[in-house]
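If you want the building blocks of each chain, they are given just below.
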Amino acid sequence: MVPLTISDLQETAKVIRRNSIEAIYKAGSGHPGGSLSATDILVSLFFGGVLNLDKKDLKSEKRDRFILSCGHVCPSFYAVLARLGFFNEDLLGNLRDLGSSLQGHPSSVYADFIETSTGSLGQGLSVGAGMALGIKFKTPSSKCKIVVLSSDGEQNEGSHWEAVMQSAFHKLGNLCLIIDKNRMQVGGETKKVLDMDSLSAKYKSFDWEVYEADGHDFRSLLSVFSRFNEAKDKPKVVICKTVRGKGVSFMEDNLKYHSCTLSEEEYRKAMEELC
Amino acid sequence: MRDAFGEAMLELGKQNPKVLALTADLGPSVRLDGFAREFPDRFFNVGVAEANMIGLAAGMALEGFIPFCASFAVFLPGRCFDQIRVSLCQNKANVKLVGSHCGFTNPGDGASAQSVEDIALMRVLPEMTVICPADAIETKKAVLAMAHQNGPAYLRISRTETQVVTSKSDPFKIGEARVIKQGKKITLIACGTMVGIALQAAEKIDGEVINLSTIKPLDKATILKSIRKTGRVITIEEHSIYGGMGSAVTEMVSQQYPVPVKIMGIPDVFGESAREYQQLLDKYGLTVENIIKNYKLF
Chain D
0 MVPLTISDLQ ETAKVIRRNS IEAIYKAGSG HPGGSLSATD ILVSLFFGGV LNLDKKDLKS
60 EKRDRFILSC GHVCPSFYAV LARLGFFNED LLGNLRDLGS SLQGHPSSVY ADFIETSTGS
120 LGQGLSVGAG MALGIKFKTP SSKCKIVVLS SDGEQNEGSH WEAVMQSAFH KLGNLCLIID
180 KNRMQVGGET KKVLDMDSLS AKYKSFDWEV YEADGHDFRS LLSVFSRFNE AKDKPKVVIC
240 KTVRGKGVSF MEDNLKYHSC TLSEEEYRKA MEELC
Chain A
0 MRDAFGEAML ELGKQNPKVL ALTADLGPSV RLDGFAREFP DRFFNVGVAE ANMIGLAAGM
60 ALEGFIPFCA SFAVFLPGRC FDQIRVSLCQ NKANVKLVGS HCGFTNPGDG ASAQSVEDIA
120 LMRVLPEMTV ICPADAIETK KAVLAMAHQN GPAYLRISRT ETQVVTSKSD PFKIGEARVI
180 KQGKKITLIA CGTMVGIALQ AAEKIDGEVI NLSTIKPLDK ATILKSIRKT GRVITIEEHS
240 IYGGMGSAVT EMVSQQYPVP VKIMGIPDVF GESAREYQQL LDKYGLTVEN IIKNYKLF
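One line per chain: the protein sequences are D and A, in this order. According to numbering that gives the first Met the number 0, the first sequence is numbered sequentially starting from 0. According to numbering that gives the first Met the number 0, the second sequence is numbered sequentially starting from 0.
Source of the hints: derived by calculation from the structure; they are not laboratory data. Hints may be right or wrong, so weigh each one.
[Claimed, not checked] Below, simulated BS3-like cross-link-like pairs (lysine-lysine); rule was C-alpha separation at most 30 Å, straight line:
hint: 1; chain 1: A; residue 1: 282; chain 2: D; residue 2: 58
hint: 2; chain 1: D; residue 1: 13; chain 2: D; residue 2: 55
hint: 3; chain 1: D; residue 1: 231; chain 2: A; residue 2: 180
[Stated by the list, open to error] Here chain D is said to cover these stretches of chain A; the calculated rule only asks that three of the stretch's residues, wherever they fall, bring their Cβ under 8 Å from a Cβ of chain D:
hint: 4; stretch: 165–172
hint: 5; stretch: 281–295
[As the list claims (entries may be wrong)] Simulated restraints on C-beta separations:
hint: 6; chain 1: D; residue 1: 206; chain 2: A; residue 2: 107; range: 51 to 59 Å
hint: 7; chain 1: A; residue 1: 163; chain 2: D; residue 2: 204; range: 47 to 55 Å
hint: 8; chain 1: A; residue 1: 24; chain 2: D; residue 2: 188; range: 30 to 38 Å
hint: 9; chain 1: A; residue 1: 162; chain 2: D; residue 2: 137; range: 37 to 45 Å
hint: 10; chain 1: A; residue 1: 269; chain 2: D; residue 2: 200; range: 39 to 47 Å
hint: 11; chain 1: A; residue 1: 163; chain 2: D; residue 2: 200; range: 33 to 41 Å
hint: 12; chain 1: D; residue 1: 192; chain 2: A; residue 2: 295; range: 33 to 41 Å
hint: 13; chain 1: A; residue 1: 162; chain 2: D; residue 2: 157; range: 38 to 46 Å
hint: 14; chain 1: D; residue 1: 2; chain 2: A; residue 2: 175; range: 51 to 59 Å
hint: 15; chain 1: A; residue 1: 170; chain 2: D; residue 2: 58; range: 31 to 39 Å
hint: 16; chain 1: A; residue 1: 256; chain 2: D; residue 2: 192; range: 38 to 46 Å
hint: 17; chain 1: D; residue 1: 204; chain 2: A; residue 2: 170; range: 33 to 41 Å
hint: 18; chain 1: D; residue 1: 98; chain 2: A; residue 2: 284; range: 45 to 53 Å
hint: 19; chain 1: A; residue 1: 256; chain 2: D; residue 2: 108; range: 53 to 61 Å
Glycine included, C-beta positions come from ideal geometry on N, C-alpha and C.
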């Protein structure tokens, strides 16, 4: 796919935000805050020429692997995949429905376009590291990369840091972690729950290649993501500064919209803002 | 049993280059040191970090490898239930888990190191196969069979030397129970370390002994055939009486051919230290004498 221009990325992001909100509204529950904060990151990855995927050959050896470790923000991920033609966009209306391939958290039991089931925090990076090791072992010359999207709340999980240590120890240069640092988690502001503000210093001290980006600026995101393909003997992490609920004024930085049922009025107002 | 596991891994390593071995810093204790020497690039000591080991193995399996993860049963599966549930089972990842030092077979360290809950934990997971071999010979066969079957599986092995109750020529198939002694008065269903004890007891009470080395999937036909003849069952396992092999048998029997069942195992306790393994078996009634006593209470 030809990467989109910045203005097209901005337009696409708006569509993704609309489709995510609509899906959550129809589902009767979901996580709008994180879905909106992660949208521009996802749009950059999937429409900005960062990930090499083949929707006709989901298990192609040559594909990049993408893991949504913070699985609860999947509405925007699903909206991205639908926009790319992985499945019909109408299916977004079935989010969280009985028997749907669009489960409330990404599930490989129900969908073949999901690399690994997530939703239980703290596991995505371990699986990604296992894939990165496996690919390095079977095809040392492989150019495939494994991209894992995590959240700042997920940084609380101890098992995540086990994987952080392991990835640096095995010099997994083909492993790229992105942190959607929207500064909020279920219990409130991350700095008041378990302060993870010095993430950059933490990853540096764990011997990772650390980058920072404005998670809502496509130029900033693409400039950093372009470095994913650089040969390094260290895993890479991009800490993206974002706003929870980005794009819908009354949802921005508002704890209520971590996980909720959207009323008809909230839905209507959000859609008006996302026009 | 763990020696047999180590031997089987060496054999598998030679047979199949896709077989990998992972351990959370307990390589020698689970007898993976031979594999590590022979295949250093396929051996991963992931450090004392069991939860991450499961995710790593899942990722490797999704890339086409057959990772075997081995640790003490208290940690694997004990510490990693959710990682096993989500990253292994929901992905149908072709990962083999090996929990050693099961039951009381690490008597000295006490409760923190004695796994009496692991069968229950693994049995309840969809996609999971649960195997508890009776002796070293069967352990080796089980390891080889696990590698040939696709999907997640758990192998429960003991630390102590175990009475040999099977022979090299006996067939072994995952999901098949075997009647290893014919009898008329009662069916004794045992797994793992308790099969030898059940055999000794059966000699004295005309019991029929089933070696139920695969706990999931359960070989219903073999069990039902035996209980239709004997009309009563004692199950014996070195595991909690809740949720283990006895529970698996009882769930099935009560629905398909209800007969009286006595579940023998470890009561609702965590375990404790002892100088000798046998002291713990005696204290908790996992003995030939207690099987006979329970038989007489029917």
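Checklist entry - Between residue 204/D and residue 170/A, is the Cβ distance one that fits in 33 to 41 Å? => result violated (55 Å)
Checklist entry - Do the Cβ positions of residue 256/A and residue 192/D conform to the proposed distance bound of 38 to 46 Å? => result violated (54 Å)
Next on the checklist: Looking only at beta-carbon atoms, does the pair residue 163/A, residue 200/D fall within the given range of 33 to 41 Å?
Outcome noted: For residue 163/A and residue 200/D the Cβ distance comes to about 58 Å; the hint is violated.
Item to check | Whether the CB-CB distance between residue 269/A and residue 200/D falls inside 39 to 47 Å | outcome: holds (41 Å)
Checklist entry - Taking the beta carbons of residue 2/D and residue 175/A, is their distance inside 51 to 59 Å? => result With Cβ atoms ~56 Å apart, the hint holds.
Item to check | Beta-carbon spacing of residue 206/D to residue 107/A - inside the hinted bounds 51 to 59 Å or not | outcome: violated (38 Å)
Item to check | Cβ separation of residue 163/A and residue 204/D, checked against the hinted range 47 to 55 Å | outcome: At roughly 53 Å between Cβ atoms, residue 204/D and residue 163/A fall inside 47 to 55 Å, so the hint holds.
Checklist entry - Using the C-beta atoms of residue 256/A and residue 108/D, is the stated range 53 to 61 Å upheld? => result violated (33 Å)
Checklist entry - Are three or more residues of the stretch 165–172 of chain A within 8 Å, CB to CB, of chain D? => result violated (count 0)
Checklist entry - Are 3 or more residues of the stretch 281–295 of chain A near chain D, judged by a Cβ distance of less than 8 Å? => result Three-residue rule not met by the stretch 281–295 of chain A, so violated; n is 0.
Next on the checklist: Does the beta carbon distance between residue 162/A and residue 157/D stay inside 38 to 46 Å, or does it fall outside?
Outcome noted: holds (41 Å)
Checklist entry - Has the hinted range 45 to 53 Å been met by the Cβ atoms of residue 98/D and residue 284/A? => result holds (48 Å)
The structure fails to meet hints 1, 3, 4, 5, 6, 11, 12, 16, 17 and 19 from the earlier list, while all remaining hints are met.
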